[in-house]
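Protein chains in written order, with my numbering: chain C, 1 to 651; chain P, 652 to 1302; chain Z, 1303 to 1953.
Treat the hints loosely; a few may be bogus.
Unchecked claim - With beta-carbon atoms standing in for the labels, derived distance ranges:
#1 C/Phe597 x P/Thr670: 24 to 30 Å
#2 Z/Asp1357 x P/Gly1147: 29 to 35 Å
#3 P/Glu1230 x Z/Asp1357: 58 to 64 Å
#4 P/Ser843 x Z/Asp1399: 26 to 32 Å
#5 Z/Ala1754 x P/Ser843: 35 to 41 Å
Treat the hints as calculated values from the structure; they're not laboratory data. All values derive from a computational prediction rather than experimental measurement. The C-beta atom is built at its ideal place from N, Cα and C for all residues, glycine as well.
The chain contents come next:
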Amino acid sequence: MTKPELGVCYYPEHWPEETWAEDARQMADLGLTWVRIGEFAWSRLEPARGRYEFDWLERAIDILASAGLKVVLGTPTATPPKWLVDEMAEMLAVDADGKTRGFGSRRHYCFSHDGYFEECRRITNELAKRFGTNHGVHAWQTDNEYGCHDSVHSYSSAALREFRIWLSQKYQSPEALNRAWGNVFWSMEYASFDEIELPNLTVTEANPSHWMDFHRFSSEQVVKFNHLQVEIIRRHSPERPVIHNFMGRTLSFDHFDLGEDLDISSWDSYPLGFLSDRSDRPNDFALRYAKSGDPDFQAFHHDLYRATSGGRWWVMEQQPGPVNWATHNTAPNDGMVRLWSWEAIAHGAEVVSYFRWRQAPFGQEQMHSGILRPDSVPAHAFSEVSQTASELTAVDGIEIGKSDVAVVFDYPSAWAWKIQPQGTEFDYFRLVYDHYCALRRLGLSIDFQNAANPDLSGYKLVLVPGLFSWNQQLLEEMRKTEAQIVVGPRSGSKTGDFQIPGDLPPDLPADMLDLKVARVESYPENLEINVPGSGSFKFWREHAQAGSTASVLLDAEDGSPALIRQGNNTYLAGWGDDEFLRNILQDVTERAGLSTFNVPEGLSFRRNGKMIFAFNYSRENINLNELGIEAEYLLGGSNLAPSDVSIGKLT
Amino acid sequence: MTKPELGVCYYPEHWPEETWAEDARQMADLGLTWVRIGEFAWSRLEPARGRYEFDWLERAIDILASAGLKVVLGTPTATPPKWLVDEMAEMLAVDADGKTRGFGSRRHYCFSHDGYFEECRRITNELAKRFGTNHGVHAWQTDNEYGCHDSVHSYSSAALREFRIWLSQKYQSPEALNRAWGNVFWSMEYASFDEIELPNLTVTEANPSHWMDFHRFSSEQVVKFNHLQVEIIRRHSPERPVIHNFMGRTLSFDHFDLGEDLDISSWDSYPLGFLSDRSDRPNDFALRYAKSGDPDFQAFHHDLYRATSGGRWWVMEQQPGPVNWATHNTAPNDGMVRLWSWEAIAHGAEVVSYFRWRQAPFGQEQMHSGILRPDSVPAHAFSEVSQTASELTAVDGIEIGKSDVAVVFDYPSAWAWKIQPQGTEFDYFRLVYDHYCALRRLGLSIDFQNAANPDLSGYKLVLVPGLFSWNQQLLEEMRKTEAQIVVGPRSGSKTGDFQIPGDLPPDLPADMLDLKVARVESYPENLEINVPGSGSFKFWREHAQAGSTASVLLDAEDGSPALIRQGNNTYLAGWGDDEFLRNILQDVTERAGLSTFNVPEGLSFRRNGKMIFAFNYSRENINLNELGIEAEYLLGGSNLAPSDVSIGKLT
Amino acid sequence: MTKPELGVCYYPEHWPEETWAEDARQMADLGLTWVRIGEFAWSRLEPARGRYEFDWLERAIDILASAGLKVVLGTPTATPPKWLVDEMAEMLAVDADGKTRGFGSRRHYCFSHDGYFEECRRITNELAKRFGTNHGVHAWQTDNEYGCHDSVHSYSSAALREFRIWLSQKYQSPEALNRAWGNVFWSMEYASFDEIELPNLTVTEANPSHWMDFHRFSSEQVVKFNHLQVEIIRRHSPERPVIHNFMGRTLSFDHFDLGEDLDISSWDSYPLGFLSDRSDRPNDFALRYAKSGDPDFQAFHHDLYRATSGGRWWVMEQQPGPVNWATHNTAPNDGMVRLWSWEAIAHGAEVVSYFRWRQAPFGQEQMHSGILRPDSVPAHAFSEVSQTASELTAVDGIEIGKSDVAVVFDYPSAWAWKIQPQGTEFDYFRLVYDHYCALRRLGLSIDFQNAANPDLSGYKLVLVPGLFSWNQQLLEEMRKTEAQIVVGPRSGSKTGDFQIPGDLPPDLPADMLDLKVARVESYPENLEINVPGSGSFKFWREHAQAGSTASVLLDAEDGSPALIRQGNNTYLAGWGDDEFLRNILQDVTERAGLSTFNVPEGLSFRRNGKMIFAFNYSRENINLNELGIEAEYLLGGSNLAPSDVSIGKLT
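Required output: the full structure, derived from the provided sequences and hints.
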C-alpha cells in the first residue's frame, strides 16, 4: 500500500538563483514532495569539454532539500551540447530518407554511436559520483523520453555497423540468416554479414524479416544505452530508485525490456495533446473530449506502465494546462488536472509530478503552461494541485491488487504490424486499445502482461489480441491457467522469423485450439462483414477452418466462422466493432464468472478490491446509482458532476 | 483460332527439390499446361561472379517437362544479386529527389548503366545458351514487370550521360534543341549538350519539352534493355516465343515500342489490387466492387495488350485470391477467379497463368495467396481453376476478329498530360478509360490502335481522345477510313516538340476539321458546364471556333460550341461526364450503323462475331434476355448469377 | 491625382524581329502606353561570359518607343544563364530538406551567394550604363517576383556563412545571443557564432528565436540584393522610377523594407489562380467565384502595396485569361478583365499592365493566355482591354486620399506565427484577411500601415490584429491618435526576441490597456466558443484578466472575457467568426463616427472621398440603390450586372 505523493518538474538553470528558495518554499507549501531536475542541463553542467560546473546544481539541490523536497536527478544525455556534437558529427542520427538529424532541438544522437556512448558513460559517471549519495537526491531519471520524435531508428553508418554485428551474433552464418529471412525470394541472399544494408531506401518494400530484425536491434540499442546509465547510477547511488519517463503511444522500443532495468517506470501524461495527435477516435469524439481528453487513454497507459517495472510506477510529467506541441492546444476544463491526478493514483501511481513548475517564456516550449505563469503568478492548475494535495492527505494509500482481467501486450507485435499491416488501419496499438476499451465499457479493471514473460496465474479472463508470434512461456501459461482466454484476431500468424507458420495461423497446438486460418482479408473504412446478431468485423477478418475439437459459435453472414471455441480458448476471427466486442466480451466474462456493468462513454472507472474510483470526462452529470453501483463515498458521491471525481467503497 | 490454356508461376528454388515432382504432377492434374519459372533466381543461378549453378534449374525443368508441362523461362535481370550490386554501386537508379534506390527488394537498377547492361547480356547469354534448345523450355520471359515500382525514370549520373548522348543524336546541335524546346523562355538556352541536366530538382517546373524528351529517352532505354535480351534469346532459342509481362495502368514506357520486339505480350492481372490502388472510381463504387474488381478494368488491359504485339497475348499472372501489396487486400467473391480467367479468354488470351502455385511463407509476398496454401493444401482458387480447366476442354477455341470500334492509344500522350495536366484530374489513362467505359456501356467490343502506327481499315467507329500530337500516318489513316471518327478533347493540342501548333489545336487540316480551340479551361471537382440536353463537361472544356465547313451540333450553356462535326469527324470540346458520353456515343454509333444495347453497371460484356460472353461482377442477378440479348448458351444461360459466366451464340 | 494608364508585358526575344513593329503599333492602337521587357533575357543579353549582345534590345526599345510606348526595362537576374551557373554551382539555393534547387526553370539562386551578387552587380551595371538614358526607357523593374517559388529561404553553405556574420553583428557576443534566444533551454547554448547552424533538419522543431532571426536575416538578404540594383540604376538612369513586381499572398520577406528602396511598388494580380491556390475560403465559395476571383483578394493587395512605397503603385501583371500554374485554371467570366483593371485603378493604380502581349507557344507558360493568341489573333481579353482603354480616356484621374480606417500590417508577425502557429489554422495573412474582409462588408475603404513605421494620424479606426511584438513608434502613434483602436487577438504576445513578455500579453502599458492574457487555446475546425449575442471565436481564443481600468464588455459563454475596452482601445480575446467581427466592428465604427452599410458578398466596393466604385464579382445583379447608395454615375449605374463596373459620385 503506497501513500501517493505529488511532485513537479523544475529547471533551476532557467531562473535566477535568487528565486530558487522562494520557488522551493512555494512548492512545499502547495503540498508537493518531489521535484525532478537536471535532465536537459548538460551545457550548464559541462560548458566545454571537461569543464564540469556542478556547484550550481548542488546549491539547487540543497535549497530544494532544505524545503523538504526530494529530488529526482536526471542525466542530461537527451541534449548533448554543441561542442560535443561538433567533436563527433557522426553521432547524429540519420532519418529513413538519409538526412542527418542535426543539432538545435533535442534527442540528436544515434543510439549506436560508440563515441557518444562513451560520452554518456563519462557524464553519467561524473554526475553519479558527485551526487550519488547527496542527501537531497532520492531518485534518478535516465535521459528523457526515449523514442520521442521518432528517435529510436537511425539509418546512420554507426547503426549499420552495429546492426551487422548484431546480426552476425544472432545468426552466426549468412546461410542461417538467408534461411530465416527467406532471402531466396527476389535473390536477396547475402554471402557475408558485411553485405547487409539497412532496410530503408529500397525500391519497393524490404523483406519484413529484415525490418523485424532492424526493429529488434534498434530496441535493444535503446535498452543497452539505458542499461549503461543504470549500472553507473546503481554503483554510485545505492538505494535510490532509477526511473525513466516513457511517452504515450510510443511503441518503437520494448518498454518491458527497458523497464526490467528500472526500479520504477514512469510516463508523461498529456491527455489533451494525445487526443489531438495520437488518437484513432473519430472526429466527433475528439471534439467532444477536446478539453478533457480521451476517457480511456490515460488508464491504458497507467495500466501498461504499471506492468513494465513490476508494479512500481509514476506519472513523471502531468499536463497542467494547454501545451505547445499538439496540432491544436486546448485548455483543460476546470477540474481536469485534479481528475487526471486522482485517476493516476487510482491506477497505482506512487507519484504524480506536474510538468512544469513555471512556464518558460523562451525556447521551444514557451507555450507549454505550468503551475505558475511566466510572471510567477499561480496559473490555472495551481488551485487544482492544491486541492488534490489536500485530499491526498486524507487517503491512507491505494492498494493495487491483481485485476481479474489480463491483456497480453507485446511490443514486437507492434513492429510486425507496422512492417506488414496488410490493410492501412491494422495498427497494433489501435487493435489492443479497441479491446481494452471494450473491457472498460464493462467496468473491468485490467492488467497488462508482457507476452515475452507473462504470469497468467490468478486471472479469470485473458485477452491475446494481434499477437505476432507465440513463445513457449506464454503457451505454458495459457495451458496452466483456468481463465477464459480470448485469442485473435491475427494472433500467432507468424513465426519469430516473420514467416507464416508451417501449420498456418493461429499456430496453436490442436489440443488448445484446433483451427487453421486459411485466408485473411483487410477492409477499408465502410466495408464491413456482419456477424448476424453480434455486430460486425471491420478492417480485418479471417477465413478460419475449425478442426474437429473446436466449435464454431458464430458465423459471419458469408458463412465463414467468426467465433470459435475450444475449452477455455475462444478465437476471434476478425477485428470486432464496438457492438461485436461488447457482445462477445459480455458472454466470455459471464463464463469467467465476472460481474460487469455498463459504463457509459465519458466515465472512467477503476476498481481496486472493494474500492471504486469514478472520473467524469464528459460534460454531463453521471449518476453512479443508476449504473447499479452501491457504495459509501470517501470523496465525491454517487452523483458525479463533469470533471469530478468520486471514490467509494462498495457496500 | 487459339485453343486457350492455363498456366501457373512457380519458384522451384523456394521449395525442397524432393517436392518438385509432386508439385508438377498436381499442376498437370489440375489441367495446367504452362509453368513460368526462374525470373527472380539470379542469386541461385550465379551465387558469386562466374559461378554458374544451372543444374538445379535443369533438373526442375526436366521434372516439369516430364509431367507434361511447358516451361516459360524468365531471365533474372529484375533482381541482380548483392555481389553484383556491390561491384558497381552506380548501377542503382536514383529517384527524382536524388536518393539512390538501394538493394533489398527488386528492380534495383538503372536502365542506362553500361556496366549493368553488360551483366544482363552475360547472364542472358549464359542462360539462353544452356536452355535455349532444352526440350522443356517452350517460351521465354524477359525480366519482370518493367516500370513496376516507378522504375523507368532514373536520375542517376548514368542516366544523365546517356540522356545527353540521346539528345545530341536527336537534335545534332544545341541551337536546334534550344529552338525545339523554346529555351529562350526564362534564359534556359544551352551552348552545349554537356550543359543539359535532368529535369528534376528545378526551382519550379522544368520546361515541358525537356520533360517530354526525358520521358521519350527513358522509354527508349527500356526498349533497348529489353531488345538486348530478345536478340540473345532469339539467337540461342529459335522458335520459342519471347514474352514480357506488363502491369496494369503502367504508362511510363511505350508498350507498343517494346511489344514490337516480343512475340507475345502478357500482363499481370490483379483486379482487386488495381481497384484498391489504381482506380479513379468514386469511393462508393470501389466499395461495391471491392471483392470482384472494376468490371471494365481487366477488359481494358486485355484489349490494350492484345494490340501491343500484333494480337498474341497472355495473362502471365492472374490474381488467385487476396494479395499483399494493395492498401487493402480483400478476398475475391467465390467464382471470380473463374470469371476473370474466362473473361481474359473471351478477349483472346492464349494462356491464363496464375500467380502463384504455392503461397510463399517468407519474404515480401508472404501474404500473396496462391493456388495452394503455404501448407500445400488447396487454397480457395484451386477448385475454380479446376472448373475452368474442365470447361476449357469443351471449347474449340476463341476467334478474335477485328472489332467495329477502335480507340487510338498513345503512350507519349500519357507523358504529355502528366507533364502538363493543366488541371489535376487531367490524366490520359483516366480520359481514355472514361471513353472506353462509355463504349462498353453500349455493348461494344473495342480494339486499341497504336497512334504511332495505326491501321484504321475496317472500323466503323474510331475514337481519338486526348491525343498529344498528330503524326502523318495517323492523319492518312483518318482520311482513308469511312468510319465515324470522334476526336478530342485536347487532341492535337501540341506539336511533337511540345509547343502549341501554329494553327492552334486541334491542328487538323481544314478539310478534315475546320476548327480552332481558342482557349481551354480546367475545372475542379463539382464545377461543371452543362451542355443542355446532353450532359455536362467536367475537368476540361474548350472554347472552340468552328470554321465555315464545320457544323456546331451542340452548345454549352454559355454558348461555347460543345460538339462540332465535319463529314465523318466529330469533335468533343470537353471531357464528357457519363451522361454526355452515353448520349454522344449513342448518336455516333447510330451514324456508324452499329447496333448497341444498354449494358448495366456490373456486367462485363464481350462479343466476338456471333459469340457473346457475359460476366457478372455485381452482387445481383442479371437477366440477359431483359437486355434484349437472344442467344443459345454454351456455358451458363440468360440468367446470370453474381460472379457467373455465360457464353452464348446470338440467334 | 494620377491619370491612369494601361500597359503590357512583352518579350521581343520570343518573336521574329520583323514582327516587332506591328506588335508595337497594335499595342499603341489598343490604347496601351507602357510595355515591360527584358526581365528574363540574360541568355540573349550575354550568351557567354562577357559577350554582351545589347543591340537587339536597343532595336526593340527603339521600335516600341517609335510607336509611342514607354518601356519598363527589367534586370534579368531572376534567370541567370547556364554558363554562369556552371561557373559557380554553389550559387544555387538549397531547400529545407538539403536538396540543391537546380537550373532549368527560374529563380535558381541563393540571395546570400557573394559570387552571384557580384554577377548581378555586373549585369545591372552594364544594362544601366547602356540603357539608363535611353529615350525609350521610362522606368526599371528589378529582378522578378522575389520570393516566388518559395525562393527567399536558402539553406546553403553561403546562407550559413552570411547568417553567422549577421548574427555576430546583431548580438556581438554568443552570450547575448544565448540569452535572447533562451538557449539554456535544451542545452542549446553556443560558445561561438561559428557553432550556429541553420534551423532546418533538427530532430524536432528548432528554437523559435532561432527561426525568427533566420527569417529576419533572409528578408534582409532580399532587401540588400534589391538595393544593389536600385543604387546602380539610380546612378545611371536618373529620373526613371524603379519598380519591383510583388506577388499575391507572399509574406516571406518584408515588402515594406524592400519597398522603401523603390519608387513604385507593383504586383502581379492573378485573381483566378490565387483563388484556386492561395485562399482559405471554403470550397463552396471557391466554386462560386471560380471564374471571377475572390471579391476581396485583389482589393487587399491593392491596398497593401499602395502602402509599401509611399503611395505610388502599379499592377505590373494583370491576368488576362486562363493561366497555366494553378491547380485548376478556369477562364474569367466575360467582363472580368475590365473589372479587375478598373478595380485596381479605383484603389489608386497608376498603371495596369497585362501579362502578356502574345501567348507563347513554347516553354513553361505556354498555357498562359495573353492579349493575343499564339497565332496573333486577338484573344478574349483584347476587347475588354480596348473597352477599358476607351473608358479611361474619359476619366480625369483618381484621387486617393487617406482612408478612415487603417490596418496595421507586419511581415515579421507572419513569420512569427508560421514558426509558432500553436494551432494549424493560425496564419497571419488569414487572420488579417478575415478582419479586412469584415471591414469591407461594412463598405469601408482601408489603408495599411507598416507596423514598424506607422503614421496613424487622421484615422478614425485602427486595427492591430495578431501583431507579434510592439515597437516604440507604434505605441506612440497609438497614444497620439484619437481613433478607435482594435487590438488582438494575440497582439503583443512576444518580445522582439520571441519570448513571452514579462508582464504577459498583450504587453501594453496599463494606462493603455490594463489586461493580461493568462492563457490561450487553439481550436480545431468545428470547435468554437460562443460569445452570447455576438458570434463565436474559432481557431484561437484567450483567457484574459482585465485590470481595474479596463472594462469587460462581453464574456464568452464560459465566462472568460471576450471583449475588453479601455478608452479608445478595444481588445479582441479571440479570432472572431464572421458574425462576431461584423457585430464588433459595427459597434466600434459607430463609436468612431463612421457611416457604414452592408455590402453583400460578391460586391467589391471602394470609396475615394465622394467617388464610389462598385464591382460585381457575383453571378447576380446587385442594386446599389437597395444598399442605400445614392449617386450620380459616371460609368454604369445603380443596377450592377454580373462582372460589371459602376463608378459614381455620392449625392
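Hint check results:
1. C/Phe597 x P/Thr670: 24 to 30 Å: At 57 Å between Cβs, range violated.
2. Z/Asp1357 x P/Gly1147: 29 to 35 Å: About 34 Å separates the Cβ atoms of Z/Asp1357 and P/Gly1147, which means 29 to 35 Å holds.
3. P/Glu1230 x Z/Asp1357: 58 to 64 Å: holds, 60 Å
4. P/Ser843 x Z/Asp1399: 26 to 32 Å: For Z/Asp1399 against P/Ser843, whose Cβ atoms are near 30 Å apart, the range 26 to 32 Å holds.
5. Z/Ala1754 x P/Ser843: 35 to 41 Å: Because 49 Å falls outside the window, the suggested range is violated.
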